[in-house]
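Line by line, the protein sequences give chains F and B.
Residue 7 in UniProt numbering sits at position 7 of the first sequence, with consecutive numbering throughout.
Residue 376 in UniProt numbering sits at position 376 of the second sequence, with consecutive numbering throughout.
Simulated from the structure, these hints should not be mistaken for laboratory data.
One or more of the hints may lead you astray.
Which copy is meant is left open, so a pair is good if it fits within one copy or across any two.
[Claimed, not checked] In silico lysine to any residue, SDA-like type, Cα no more than 20 Å apart, as pairs:
| hint | residue 1 | residue 2 |
| --- | --- | --- |
| 1 | Lys402 | Asp413 |
| 2 | Lys306 | Glu295 |
| 3 | Lys78 | Leu54 |
| 4 | Lys321 | Gly344 |
| 5 | Lys229 | Ile311 |
| 6 | Lys72 | Glu445 |
| 7 | Lys268 | Arg38 |
| 8 | Lys306 | Val114 |
| 9 | Lys321 | Ala278 |
| 10 | Lys229 | Arg310 |
| 11 | Lys170 | Ala398 |
| 12 | Lys72 | Ser131 |
| 13 | Lys8 | Ala398 |
| 14 | Lys321 | Glu44 |
| 15 | Lys72 | Asn449 |
| 16 | Lys321 | Tyr369 |
| 17 | Lys306 | Gly232 |
| 18 | Lys229 | Asp252 |
| 19 | Lys170 | Phe142 |
| 20 | Lys402 | Phe6 |
| 21 | Lys334 | Ser467 |
| 22 | Lys306 | Pro269 |
| 23 | Lys229 | Lys306 |
| 24 | Lys334 | Arg374 |
| 25 | Lys307 | Gly140 |
| 26 | Lys314 | Lys402 |
| 27 | Lys78 | Leu440 |
| 28 | Lys307 | Gly232 |
| 29 | Lys72 | Gly344 |
| 30 | Lys478 | Gln97 |
There are 2 protein chains.
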Amino acid sequence: MTTIEFLKPNANITARRSAIIEGLFNLLPADCVISDERELVPFETDAFTAYRRLPLAVVLPYTTEQVADVLKYCSTNKIPVVPRGAGTSLAGGAIPQEDAVVIGVSRMTRMLDVDYDNRTTTVEAGVTNLSISDAVSEDGFFYAPDPSSQLACTIGGNIGMNSGGAHCLKYGVTTNNLLGVKLVMFDGTIVDIGGKALDAPGYDLLGLLCGSEGQLGIVTEATVRLIVKPEGARPVLFGFDDAEIAGACVTDIIGSGIIPVAIEFMDKPAIDICESFAGAGYPMDVEALLIIEVEGSDEEMDAMLKKIIRIAQKHNVKNIKESQSATEAAQIWKGRKSAFGATGRIADYICMDGTVPLGKLSYVLRETYKIIERYGLRVANVFHAGDGNMHPLILHNANDPKEAQAAEDAGMDILRLCVDAGGCLTGEHGVGIEKRDLMLHQFDEVDLNQQMRVRAAFDPDWILNPSKVFPLDIEQRKVS
Amino acid sequence: MTTIEFLKPNANITARRSAIIEGLFNLLPADCVISDERELVPFETDAFTAYRRLPLAVVLPYTTEQVADVLKYCSTNKIPVVPRGAGTSLAGGAIPQEDAVVIGVSRMTRMLDVDYDNRTTTVEAGVTNLSISDAVSEDGFFYAPDPSSQLACTIGGNIGMNSGGAHCLKYGVTTNNLLGVKLVMFDGTIVDIGGKALDAPGYDLLGLLCGSEGQLGIVTEATVRLIVKPEGARPVLFGFDDAEIAGACVTDIIGSGIIPVAIEFMDKPAIDICESFAGAGYPMDVEALLIIEVEGSDEEMDAMLKKIIRIAQKHNVKNIKESQSATEAAQIWKGRKSAFGATGRIADYICMDGTVPLGKLSYVLRETYKIIERYGLRVANVFHAGDGNMHPLILHNANDPKEAQAAEDAGMDILRLCVDAGGCLTGEHGVGIEKRDLMLHQFDEVDLNQQMRVRAAFDPDWILNPSKVFPLDIEQRKVS
C-alpha cells in the first residue's frame, strides 16, 4: 500500500507517480489501469492534435462506483483528473494538460433502458452517439444531435462539449435533448440530476453540465430524448453565384420563421473538395451551395419546400436539385459529413468554430475572405448556416512554421470577428485548450470570475480537467 | 446620512430600519422608495396569498444602475433583498419572508431593441409578457411562452420562475426562448450573459438563471427569441368518456412523435366550471376534454390533424369539434385560460403544479382522484397534458380550517405522487415558499448541498430572496 508521504504533492515526482499508479491498481481490477508508457500514447492527445502530453496513468472503469473510487482517491491526494470520451475533441478538451490521471468511459457501453412511452433511453456514458440511433432505428426512433464524428464520439463527451450537428437546427443540441444524468462529483459523491420528466425544481444543474467540458464532474449515465423518425426526409441542393447572397438567403429563410431540419452551407472550395471525394452530385458551376433538408409527409415537405424556393428565387438561386431517392439523399449527406476528412487529404487545415447572429452571416463571410486573403492563405467554408455556426477550414502547409502560424493567427482573427459581430467563440467544439486565451475577448474578468466561482462550487480543489477553458493566468487564481 | 452603527445587523431594530430607509432615499429619487406602511401593503404577498409580511421597504428603480446601487448598499449592510416582477407567483416566490427590501422592476418597461433579421427583441425586465407579442404582432411575430397570467406577469418574473404556458409544448418554456440578460449581482456588479447568437462558450450561466427564483441576481434586461406567427392555427376539441383514457391518448400522440402546438386537458369538473364562465362551446356530455391546437398552412394542419384523429379514434374518442372561425378559436382559449379565475368564483382552491413522465399520465390521474376522495374533497383537473405538467385545482372552503388543512395535505400527497412516478415537484410555478419542504422528497441532502454551493457562488452572504426554495433548516447551513 502506498505511503502518505509519497502522495504529497511536493514529494519526489517519480516516487509520487509510482505511488499513485500503485494506488490505482489497488482500487481497480488490473485490466482497468494503463500505466505502461507505450500504451499511454493513444491518450496523449485528441483530434485537436496541436499539443501532446503523456498522462500519468489512464483508468478505464466498468462501473460508476469505480469512477467514484478513482475520483475519491484523486481528490484526497490532489491529483489532476482528465475525463475522456472517444478523444474526438477538436479543441483539445481531452488532452492531459497537467500530470494527470485520465478517466476514460469507453468501457461503460451498456444501454440500460429504452422507454418508448416516454420517448427516452438511458445509456452509460461510453455509448457512442450513433449507436443510440442504431439501437432504436427499427422501432422508428432516433437520437437527434449528430456531430460529424458520431460514429466514434461518446454521449459522455457530447454532454461535456454540448455537441451539435447538421440536424440540430430543428431538434436542438445536446442540452435540448438531455433529460437526466448520473454524475460523479470531484470527491466521489454520486448524484442523480433530472430524470424522465420535463423540467425539475431548483437550479438547472443539468443545463449547467452541458458544455462544462468535464470540469464539474464526470457523467457516467445519461437519459436522453428519443425522437420519432419523420415519414420522409428530402435534402435539396440550392446553388448560388455568390457566397454572400447564399448567406443572405439563409438569413431570409430563418427570418421568415421557416425551420427546416438542416441548412448547410458550402462555398466553392468546399464543394470542389467534397464532390471529388464523395461524388455526391453537387453542382459544379456555382460559387456556393445550400443543402436544405425538409422532412415529414410528402404534403408537409412540398409545402415547406414551396416557401423556401420562393425565398431562394428572390435571391437569384441558380439551380435547385431535389434528391430523387434514398440513395441520392445518402450521397448528399455523405459528401457534407466527409468534408473534414476530404479536406485533410488535400492539405493541412485547422477548423474554426464560431457562431454569429443570423443577420450577420453575409457580413462575416465577406470579412472572413478578407482576413484569409490578408494572410495569403486559402479557406473552405462548410458549416451549419441555419444556426449561424461557421466552420472555416483554413488550409495551409503545417510543415512550414510561418504558414502554420499564419493559419493560427487568421483563425483567431476570424473568431474575434465572430465575437465582434455579436456572436461567440464556439458553436459546438468547445473552448478546451484552443480558445482559452480568447475567452477574454468574449468575456471580461468579472464574467470569468463568476464562471470560476461556479466551477469552484463543484470542484473546490480544481482537480477536474485543469488548464482548460479559462486563460491560464486567470485560472491560477483558483477562486473559491 | 446614516451611521454605520445603526446599520449593523444586531442594532436596535427600529433604528436600523429607519437608517436603512434613509439610506435608500439617499440613493434613489424620492418617488422610487416606498416606506409608508399603507403603501407597502400591496407588496406583502403575491398570488400564493397563504402568507403575508410587510416588507421593510420597496424600491422601484428606473435603471439598471439604480438596481445596482441598491444591491451594493444592501449587500454591504447585509440586508435581505426580494426581487419582484408583477407578484403573480403561485408559489410565494415574491413574498418577503424576512425583514427585506423588495426591489420591483415594474418601472423598467422600455423595449430597447427589435431585430427581425435575428428574430430577437431586447426588453427591460418589467415589460409584461403579453406586451412583447403585442408590440411585434403587426409585423407577424410573437413571443412564445404564454403563462395564464401573461397580461400582468413580467419577463423578469418569467425568467426567475422559468415560466411556461399552454403553447410551450411546441416552442419550449422561458429557458428555450431566452438568449441573453443583463444581470445585477448581489454586490451591484453588472454582467452581461449571452446575446443574439445561439450558444456561448464557458458554462451555461443563462440556463442556470432560468428558474433560479431571484436567488442568483436580479435581471434588468432580457434578449428573447421572436417566433414568426404561423399561417393559421386551429384548436380542436376531443371529448372522451373517461379521463384516464384521454390521458392515454395524450401519451400515444406524443409517443408517436406528433408535437402539436398545445395539448390541454380538462376533466368534467373543469369543463363545467369553464363552460359556465366563458361559454366556450365545450361538449358537456363527456368526462374529459382535450384541446389540441395545430398550426401552419391548411395542408399542414390537415395532415397533422388526420394523424391525431386516427390515434384518438383508437382511444374511442366520443366527439371531435374543430373551431370554424377565429372567434370560435378565441372562445376555446378564453375558456381554458380563465380556468383559475372561474374556479375561484365557485370555491376556494389551491392549484398544484407537478410534472410527470408522459407514460405515467393515466396512472397519476387515477391516483390523484383516489387521494382527493380519501380527503373527502373535490378536484378539477385542467393542465398542460402534452408536457405532462399537471395542475389539479383542489376545491375547499378556506374558512373551515380543517378542510383548508386537508386540501393542503392532499396537495402535498399529489406532489409526492408525481415525484414517485418519476416526475417532479414543479412544472412552471417554481418552489418558492410553497414547496420548499418537499424538496427533500425530490432530492437528497447531497443534491441540495450542491445546489446551495452553486447559490453561494453567486450570493455568498445569502441576501437574495432568502428562506425560499430550500428547506429552512437546510438553508440555515449557508454553505459557501
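Against the structure, the hints come out as follows:
no.: 1; hint: Lys402 <-> Asp413; verdict: within (16 Å within a copy, 70 Å between copies)
no.: 2; hint: Lys306 <-> Glu295; verdict: both (13 Å within a copy, 17 Å between copies)
no.: 3; hint: Lys78 <-> Leu54; verdict: within (19 Å within a copy, 50 Å between copies)
no.: 4; hint: Lys321 <-> Gly344; verdict: neither (28 Å within a copy, 59 Å between copies)
no.: 5; hint: Lys229 <-> Ile311; verdict: between (27 Å within a copy, 17 Å between copies)
no.: 6; hint: Lys72 <-> Glu445; verdict: between (32 Å within a copy, 19 Å between copies)
no.: 7; hint: Lys268 <-> Arg38; verdict: neither (43 Å within a copy, 71 Å between copies)
no.: 8; hint: Lys306 <-> Val114; verdict: neither (38 Å within a copy, 28 Å between copies)
no.: 9; hint: Lys321 <-> Ala278; verdict: within (17 Å within a copy, 52 Å between copies)
no.: 10; hint: Lys229 <-> Arg310; verdict: between (27 Å within a copy, 18 Å between copies)
no.: 11; hint: Lys170 <-> Ala398; verdict: neither (37 Å within a copy, 47 Å between copies)
no.: 12; hint: Lys72 <-> Ser131; verdict: neither (31 Å within a copy, 52 Å between copies)
no.: 13; hint: Lys8 <-> Ala398; verdict: neither (41 Å within a copy, 64 Å between copies)
no.: 14; hint: Lys321 <-> Glu44; verdict: neither (45 Å within a copy, 64 Å between copies)
no.: 15; hint: Lys72 <-> Asn449; verdict: between (27 Å within a copy, 18 Å between copies)
no.: 16; hint: Lys321 <-> Tyr369; verdict: neither (27 Å within a copy, 57 Å between copies)
no.: 17; hint: Lys306 <-> Gly232; verdict: both (16 Å within a copy, 17 Å between copies)
no.: 18; hint: Lys229 <-> Asp252; verdict: between (27 Å within a copy, 15 Å between copies)
no.: 19; hint: Lys170 <-> Phe142; verdict: both (14 Å within a copy, 19 Å between copies)
no.: 20; hint: Lys402 <-> Phe6; verdict: neither (45 Å within a copy, 67 Å between copies)
no.: 21; hint: Lys334 <-> Ser467; verdict: neither (36 Å within a copy, 56 Å between copies)
no.: 22; hint: Lys306 <-> Pro269; verdict: neither (29 Å within a copy, 45 Å between copies)
no.: 23; hint: Lys229 <-> Lys306; verdict: between (22 Å within a copy, 18 Å between copies)
no.: 24; hint: Lys334 <-> Arg374; verdict: neither (33 Å within a copy, 61 Å between copies)
no.: 25; hint: Lys307 <-> Gly140; verdict: between (28 Å within a copy, 16 Å between copies)
no.: 26; hint: Lys314 <-> Lys402; verdict: neither (44 Å within a copy, 70 Å between copies)
no.: 27; hint: Lys78 <-> Leu440; verdict: neither (28 Å within a copy, 32 Å between copies)
no.: 28; hint: Lys307 <-> Gly232; verdict: both (18 Å within a copy, 15 Å between copies)
no.: 29; hint: Lys72 <-> Gly344; verdict: neither (41 Å within a copy, 54 Å between copies)
no.: 30; hint: Lys478 <-> Gln97; verdict: within (16 Å within a copy, 35 Å between copies)
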